[in-house]
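S.K.: Chain by chain, the residues:
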Amino acid sequence: MQTFFKSLKQGLAASVLLAAAITNVQLVTAQDDKTLLGAGSSFINPLFSKMFADYNAKTGIQVNYQSIGSGGGILQLTNKTVDFGASDGPLNDEQTAKFGVPVLHIPQASGAVVITYNLPGNNNNINLTPDIIADIFLGKIKTWNDARITSVNKRMNIPGLPILVAHRSDGSGTTNIFTNYLSKVSAEWKSKVGSAGAVNWPAGLGGKGNEGVAGLVKQTPGAVGYVELIYALQNKMDYAKIQNKKGKFIIPSIASVTSAGNVKMPDDAKIFITDTDAPDGYPIAGFTWVLIYKEQNYNGRSKDRATKLLKLLWWNIHEGQAFTQPLNYSPLSKEAQKIAEKILKSATYDGKAIL
Amino acid sequence: MNDQKLKTKTRSSSGMIRAESIFKRSLIAVGIAMVLLVAGLMITLIIESVPSMKNLGLKYLWSKTWDPVNNVYGALPFLIGTLLTSFLALIISIPFSFAIAIYLGEYNPKGWLSNFLKNTVELIAAVPSVIYGFWGLLVLVPIVRSLEIKVGVLPYGIGIFTASLILAVMIIPYAASLGREMIRLVPSPLKEGAYSLGATRYEVIKNVILPYTKSGLFAGILLSLGRALGETMAVTMVIGNTSMIPDSIFGPGNTMASVIANEFTEADHTLYLSALIELGLVLFVVTVVINMIGKRIIKRFTNE
Amino acid sequence: MNAKVKYRVGKSKVVQGVIVFLAFLITVPLILIIVYIFREGITKINWAFLTQIPKPVGETGGGIVNALIGSILIVLTASVISIPIGILCGIYLSENKTGRLAYWARLSVDVLQGVPSIVIGIVVYFWVVKPIGTFSALSGSVALAIMMLPILIRSTEETLKMIPFSLKEAGLALGLPYHKVILKVIVPCGVSGILSGVMLSIARIAGETAPLLFTAFGNPYLNTNLAKPMQSLPLMIFNYATSPYDEWHDMAWGAALILLFTVLSLNIITKLITRRWNVQL
Numbered sequence: 251m252q253t254f255f256k257s258l259k260q261g262l263a264a265s266v267l268l269a270a271a272i273t274n275v276q277l278v279t280a281q282d283d284k285t286l287l288g289a290g291s292s293f294i295n296p297l298f299s300k301m302f303a304d305y306n307a308k309t310g311i312q313v314n315y316q317s318i319g320s321g322g323g324i325l326q327l328t329n330k331t332v333d334f335g336a337s338d339g340p341l342n343d344e345q346t347a348k349f350g351v352p353v354l355h356i357p358q359a360s361g362a363v364v365i366t367y368n369l370p371g372n373n374n375n376i377n378l379t380p381d382i383i384a385d386i387f388l389g390k391i392k393t394w395n396d397a398r399i400t401s402v403n404k405r406m407n408i409p410g411l412p413i414l415v416a417h418r419s420d421g422s423g424t425t426n427i428f429t430n431y432l433s434k435v436s437a438e439w440k441s442k443v444g445s446a447g448a449v450n451w452p453a454g455l456g457g458k459g460n461e462g463v464a465g466l467v468k469q470t471p472g473a474v475g476y477v478e479l480i481y482a483l484q485n486k487m488d489y490a491k492i493q494n495k496k497g498k499f500i501i502p503s504i505a506s507v508t509s510a511g512n513v514k515m516p517d518d519a520k521i522f523i524t525d526t527d528a529p530d531g532y533p534i535a536g537f538t539w540v541l542i543y544k545e546q547n548y549n550g551r552s553k554d555r556a557t558k559l560l561k562l563l564w565w566n567i568h569e570g571q572a573f574t575q576p577l578n579y580s581p582l583s584k585e586a587q588k589i590a591e592k593i594l595k596s597a598t599y600d601g602k603a604i605l
Numbered sequence: 007m008n009d010q011k012l013k014t015k016t017r018s019s020s021g022m023i024r025a026e027s028i029f030k031r032s033l034i035a036v037g038i039a040m041v042l043l044v045a046g047l048m049i050t051l052i053i054e055s056v057p058s059m060k061n062l063g064l065k066y067l068w069s070k071t072w073d074p075v076n077n078v079y080g081a082l083p084f085l086i087g088t089l090l091t092s093f094l095a096l097i098i099s100i101p102f103s104f105a106i107a108i109y110l111g112e113y114n115p116k117g118w119l120s121n122f123l124k125n126t127v128e129l130i131a132a133v134p135s136v137i138y139g140f141w142g143l144l145v146l147v148p149i150v151r152s153l154e155i156k157v158g159v160l161p162y163g164i165g166i167f168t169a170s171l172i173l174a175v176m177i178i179p180y181a182a183s184l185g186r187e188m189i190r191l192v193p194s195p196l197k198e199g200a201y202s203l204g205a206t207r208y209e210v211i212k213n214v215i216l217p218y219t220k221s222g223l224f225a226g227i228l229l230s231l232g233r234a235l236g237e238t239m240a241v242t243m244v245i246g247n248t249s250m251i252p253d254s255i256f257g258p259g260n261t262m263a264s265v266i267a268n269e270f271t272e273a274d275h276t277l278y279l280s281a282l283i284e285l286g287l288v289l290f291v292v293t294v295v296i297n298m299i300g301k302r303i304i305k306r307f308t309n310e
Numbered sequence: 015m016n017a018k019v020k021y022r023v024g025k026s027k028v029v030q031g032v033i034v035f036l037a038f039l040i041t042v043p044l045i046l047i048i049v050y051i052f053r054e055g056i057t058k059i060n061w062a063f064l065t066q067i068p069k070p071v072g073e074t075g076g077g078i079v080n081a082l083i084g085s086i087l088i089v090l091t092a093s094v095i096s097i098p099i100g101i102l103c104g105i106y107l108s109e110n111k112t113g114r115l116a117y118w119a120r121l122s123v124d125v126l127q128g129v130p131s132i133v134i135g136i137v138v139y140f141w142v143v144k145p146i147g148t149f150s151a152l153s154g155s156v157a158l159a160i161m162m163l164p165i166l167i168r169s170t171e172e173t174l175k176m177i178p179f180s181l182k183e184a185g186l187a188l189g190l191p192y193h194k195v196i197l198k199v200i201v202p203c204g205v206s207g208i209l210s211g212v213m214l215s216i217a218r219i220a221g222e223t224a225p226l227l228f229t230a231f232g233n234p235y236l237n238t239n240l241a242k243p244m245q246s247l248p249l250m251i252f253n254y255a256t257s258p259y260d261e262w263h264d265m266a267w268g269a270a271l272i273l274l275f276t277v278l279s280l281n282i283i284t285k286l287i288t289r290r291w292n293v294q295l
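Chains as they are written, first to last, in our numbering: chain R, 251 to 605; chain U, 7 to 310; chain Y, 15 to 295.
In silico lysine-lysine, DSBU-like type, Cα no more than 30 angstroms apart, as pairs:
#	chain 1	residue 1	chain 2	residue 2
1	Y	144	R	544
2	R	544	R	561
3	R	468	Y	58
4	U	116	Y	285
5	U	70	R	348
If you're looking for bench data, these hints aren't it; they were derived computationally from the structure.
Isolated chain R, as found in the complex (with noise of 0.2 angstroms):
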C-alpha cells in the first residue's frame, strides 16, 4: 500500500522471515510429525522423564508430557487435547460416563505414596499409625510431640514443632490413592472428607502437583505431605515407615510396593492396592495408568499417529520397564504385563486392531 506502512510491514515481515529461517518456524498441523502429547499425574512423572527421554534418544519421537495433575490429564483426554492421559486413579464412574466411549487403562509401574516431613534432628523414617495419619490430616493431632505419635517412636527425639499439613491444590491421583487409604483406615475420613482426585482438605496448605508439596515440606519445618516415592529420595527428604493391616512398621521401598501389587489384577486393570493384606506389604501404594480412546479414529486421527502412540506404549510396557526400579517404583508383574498387553491389542482403528 503505502511507503511508510509498507516499510513497517517489510520490516517486520523481513524480521520473521529470517527468525523463521534461523529456526525453521512452521504453522504444521500435520499429524505425522514426530511428536506426541500427552499430559497428567505427576506421581509417574520422574519416570516418564527418564523413559521418554530414552525412547526419544532411540526412536526420534519426541513424547512432550506435562505433569500438570490426574486431573488435568483426564480432563484433556476428554477434550481430545492431548494423544493420552495419564492419571493415578482409575476413572469413576462419572468420568467414564463423561467420555461416553470406552476408554483403556494401561498400568505403567506402581509406586509409594510415602508420608514425608521436614523435622530437624535425626528423624528418617519415625513410625506411623493409620489412626495418627488420618488425625494428623484432620487437623486433630497439631504437634509432633504429641504423646499418640512420641509413644511409637520412643527411640526417636522428635521435637515439640507445630505440624503444618501440605496437600495437593490440582487434581491428583497421587490424592486419590492416598485418601483411598485413608478412607479405609478411618471412619471419619471417609465420612467427613471422602476420596477422591481432589477434596476438600480440612487442614493445610496446597501445593501444585507432587512438586508443589514436596517443595513446601522441604522449605518449612514441622510440615508433613505426601508425596510418590521418588520425589522424596530425590530431594534427600525423610519419610514415614506405616504400619500395616498385620501391624508391621513397612518401610516404603520397591519390594513392599511389589508386595501389596502382587495381587490378581482385574481384566480391565482397574485397581486400588492400598491397606494391603500382604504381610510385607507397604499400605499406601497404587498403579499408575496411561489413559487412551479405545477407538483411535477421533477428531480426523491419522492411523500413522494412532500406531506411533500405541507403539510407545508397548516400549513402556517392555523395555520402558528397564527405568522403573533405579527411580524406585515397582515394575509390572508379569501376570499385569500380560493384562496390559492384551489391553493394548483391543485398541482399534476404524475397528480394526493396531497392534
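Position chains U and Y relative to chain R; hints supplied.
M.R.: This is chains U and Y only, laid out in the frame that chain R set:
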C-alpha cells in the same frame, strides 16, 4: 496531455480513490473488531458460566464450600481471599504511593533525583509478575516465616500476609504515577495564594493540594485496586492454595485468580469447569467496573 | 519567630522528611530483586545453559534453549498479530474523536485494559485451543496479542493526537488522498511514540505467564512449530520455581535473570527513545 498519459493518470487516480476507501473502511473495521473482541470475551465467559449459574444462582457467591468431590461449589472463600489480599495490599501501599506522588508532584518535580525516582517507580511496574512470585517464594517467605515464629503463629511463611506484601509492592506505581499527575495539575495561583498567606509546605499540601486532588487520588487508588484484584502469578506462588475461608492473615488462602490458575486444566466435570469460569466472570466484572469508575473520575477531573 | 510558627515550620520539615523517606523506600525492593536475581542467576548462565534443552527430572545439567526460543517465537508472533491492528485502531481513534462507533471502540479498549490476564487465557482456550484440538504456541500468541492491543492503541492514539492539526490540513489541501496524508505525513511524525508503544507492549507481555498456562502449555523439547505446544521463559520459571528440585531452582534463577534483564532493558531503551525524540507519551 496525450491520451496515454491521461489514461494512466485516470487509472492511477481511480486506484487512489479505491485505496483511500479501502483504508477508511479498514479503519472502521478495526474499530468494529475491538468492540466485537470485548463483547466476545464477555459472551464467552457468560455462556460457559451458564451451567454453574443454573445450578446455584446467586447463592454461589456466598456459599463457603468448595468441594470438587461432591460437586459443591461456593465462591465465598475466594472472594474473601481476593478482597483480603487486595485491600491489605492497598492499605500497605497507600502511604508509599502518596509519598511518591507528593514528592514528585510538589517537593521535587524536576531534576535528576526526581527522574531517578520516577524511573525506579516505572521499573517496579515493569518487573514481570512471575519474577515477583519467584523472588517472593525464595526470599520473602523465609523472612515472613521467621517473623511468624517470633510472633507465635504457625510458621507457614506462605499465606495471605506474604501475598499482600508482594501485591503492595506491585501496585504502588499505579496510584503513585496517577497521583503525581493529579498533583502537578493543581493551579499555581492556588498554591501561591496559600504561601503568601504564610502557610508552611506541609500546610499547603494538607489544605490546598490534597483537597483539590482528592478525587484524582481516589481514582489512583481504584486503579491500584483493580490491578491487585486481577493479579495472578505472584499471588498463586505465595498464597498457600487452600479452598477454605482463611482464619488468619498469617495462614493460607486463595484468590479467585489463583484458584482458576491452579484448577482450570483439571476441572473434569462440566459443573467444576463452569464454576471456575463463573469465578472468572465475577473477576472480570469487578475489575472492569472498578477500572471504569477510576477512569471516569480522572476524565472528569482533567476536564474541569 | 514565635513558638507557634516555629512549631508549624518544624512540623512541615518533619513531614517532608517522612515523605522523602517513604518515597525513596520504593527503591529498596527493586534493588533487592535485581541484586538477588543477578547474584543467583549469573553463575548459572553459561553456553550450555543457553543452548541445551532441559535434562530429565533429577539429572543435573541441561539448559533452557527451548524456553528462550519459545519465548522469542511466541512474542514475535503475538507482535505480528497485534501491531497492525493496534496501530490502525489507534489511528482510527485519533481521527475520530466523536461518533458512536469511536465511542464504543474507545470504551472497549478501556475495558480490555482492565481485564485480568488469566481471564484472557480462559477465553482463548475456548476460542482457539478447543476448536483446533490441541495446545499450541499460536493460541498463546493470540492471548498475548489481545493483551498488547490496549497499550498499542492507547500510545498510538495519544501520540497522533499531539500532532498539530495544521499538518493534516496542509496535506489535504495539497490534494493528497486521505490514506496518504495519514500514512505518509501524520504517522511518520509520530513514529517514535508509536515505537515506544510497541516496545512497552512487548515488554509487558514478555513476562506474562497466566495466559500461557492453558494455551501454549509448555514443552520440554525445542519446538519451532507454532501449531504445537511451546515452552516459554515465564512458564518455565513458574514450573521450576514451585518444584522441589534444587537443580530446577538454579535453572529458574538463570532464566529469571535473562527475563528480568530483557524486560528492564526494553523499558529503559523506550525511555531513552522518548527522551531523545522528546515525545510526551
